[in-house]
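S.K.: Spelled out, the chains give:
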Amino acid sequence: NAGVTQTPKFRILKIGQSMTLQCAQDMNHNYMYWYRQDPGMGLKLIYYSVGAGITDKGEVPNGYNVSRSTTEDFPLRLELAAPSQTSVYFCASSSTGPREQYFGPGTRLTVT
Amino acid sequence: GQQVMQIPQYQHVQEGEDFTTYCNSSTTLSNIQWYKQRPGGHPVFLIQLVKSGEVKKQKRLTFQFGEAKKNSSLHITATQTTDVGTYFCAGPGGSYIPTFGRGTSLIVHP
Chain A
2 NAGVTQTPKF RILKIGQSMT LQCAQDMNHN YMYWYRQDPG MGLKLIYYSV
52 GAGITDKGEV PNGYNVSRST TEDFPLRLEL AAPSQTSVYF CASSSTGPRE
102 QYFGPGTRLT VT
Chain B
-1 GQQVMQIPQY QHVQEGEDFT TYCNSSTTLS NIQWYKQRPG GHPVFLIQLV
49 KSGEVKKQKR LTFQFGEAKK NSSLHITATQ TTDVGTYFCA GPGGSYIPTF
99 GRGTSLIVHP
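These protein sequence lines map, in sequence, to chains A and B. Counted the way the working numbering counts, the first sequence spans residues 2 to 113. Counted the way the working numbering counts, the second sequence spans residues -1 to 108.
One or more hints might be untrue.
Calculated Cβ distances over 10 Å to all of chain B for the following chain A residues [unchecked claim]:
hint	residue
1	SER19
2	GLN86
3	THR113
When the alpha-carbon atoms are kept at most 30 Å apart in a straight line, the in silico DSS-like pairs for lysine-lysine are as follows [as the list claims (entries may be wrong)]:
hint	chain 1	residue 1	chain 2	residue 2
4	A	LYS10	A	LYS58
5	B	LYS49	B	LYS68
6	B	LYS34	B	LYS54
7	B	LYS55	B	LYS68
8	A	LYS45	B	LYS54
9	B	LYS34	A	LYS58
10	A	LYS45	B	LYS34
11	A	LYS45	B	LYS49
12	A	LYS10	A	LYS45
13	B	LYS34	B	LYS57
14	A	LYS15	A	LYS45
15	A	LYS58	A	LYS45
16	A	LYS10	B	LYS34
17	A	LYS45	B	LYS55
18	A	LYS45	B	LYS68
19	B	LYS54	B	LYS68
20	B	LYS49	B	LYS34
21	B	LYS34	B	LYS55
22	B	LYS68	B	LYS57
23	A	LYS58	B	LYS68
24	B	LYS68	B	LYS34
Rather than coming from a laboratory, the hints here were simulated on the basis of the structure. Even glycine gets a Cβ: it sits at the ideal position worked out from N, Cα and C.
Full structure from sequences and hints, please.
M.R.: Now the structure itself:
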């Protein structure tokens, strides 16, 4: 099992550009989450999904969009990138909802 | 929404000293999880506590859930340099989402 995979590992974007952060899991987990982590800070929830076709906003959804067409994949879309979106983005999945989450290795994004 | 407060934010110790981080909630938690994040890495699930007064051990790590289920602690005995990282607690923030504490960063000086 690969667990939770994320691509790319690193990315530099110019202000106003768009990109999609990919997340995939092979554990057949229904619950998937996107977090951002700023230096020295905790994890802030951006969006989450409780199953294919079902998504909902977390604490900091502005500037982001998600889709969940399959159980395995949960891409995060950034439209019109801004410097405030410079962060490390983690995707996580779980079979039990908010408990025992498995995290991907993260994508380190810089917007300049 | 529900919040969990974690203290201290940072802790410097000499290798071999003990370390404790605390997680507190104003409301009763049905469960609590602990995660470890190594520098430059991703959070890794360590353990889940569910029962009032529960104590679980993993080698040098001891996890406790308070009797009132409003607080939890992680204690590391005789720290090693491999213990360096940030330790997060997480409780239920809603039906489907967790709420994470801000974490305690452990720095171990050899």
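S.K.: Is it true that the CA of LYS58 (chain A) sits at most 30 Å from the CA of LYS68 (chain B)?
M.R.: Holds: LYS58 (chain A) and LYS68 (chain B) sit about 27 Å apart, inside 30 Å.
S.K.: Would you check the hint for LYS49 (chain B) and LYS68 (chain B), treating anything up to 30 Å between C-alpha atoms as holding?
M.R.: Holds - the C-alpha atoms of LYS68 (chain B) and LYS49 (chain B) are around 11 Å apart, at most 30 Å.
S.K.: Please check whether the beta-carbon of THR113 (chain A) is more than 10 Å away from every beta-carbon in chain B.
M.R.: 21 Å, holds
S.K.: Does the alpha-carbon distance linking LYS45 (chain A) and LYS54 (chain B) stay inside the 30 Å limit?
M.R.: Since the Cα atoms of LYS45 (chain A) and LYS54 (chain B) sit roughly 28 Å apart, the hinted pair holds (cutoff 30 Å).
S.K.: Hinted pair, alpha-carbon criterion (30 Å max): LYS68 (chain B), LYS57 (chain B). Please report holds or violated.
M.R.: 25 Å, holds
S.K.: LYS10 (chain A) and LYS58 (chain A) were given as a pair; does the straight-line alpha-carbon distance stay at or below 30 Å?
M.R.: 24 Å, holds
S.K.: Tell me if the straight-line CA distance from LYS54 (chain B) to LYS68 (chain B) falls inside 30 Å.
M.R.: Distance of about 17 Å is within 30 Å: holds.
S.K.: With the threshold set at 30 Å, check whether the alpha-carbon distance from LYS10 (chain A) to LYS34 (chain B) stays at or below it.
M.R.: 20 Å, holds
S.K.: Could you grab the alpha-carbon distance between LYS45 (chain A) and LYS34 (chain B) and see if it respects the 30 Å cut-off?
M.R.: 16 Å, holds
S.K.: If you draw a straight line from the CA of LYS34 (chain B) to the CA of LYS55 (chain B), is it 30 Å or shorter?
M.R.: The given pair, whose Cα atoms are some 15 Å apart, holds under the 30 Å limit.
S.K.: Straight-line Cα separation of LYS34 (chain B) and LYS57 (chain B) no greater than 30 Å?
M.R.: Holds, at roughly 15 Å.
S.K.: Can you confirm whether the C-alpha distance between LYS45 (chain A) and LYS49 (chain B) stays at or below 30 Å?
M.R.: Since the Cα atoms of LYS45 (chain A) and LYS49 (chain B) sit roughly 27 Å apart, the hinted pair holds (cutoff 30 Å).
The structure is consistent with each of the numbered hints, conforming to all of them.
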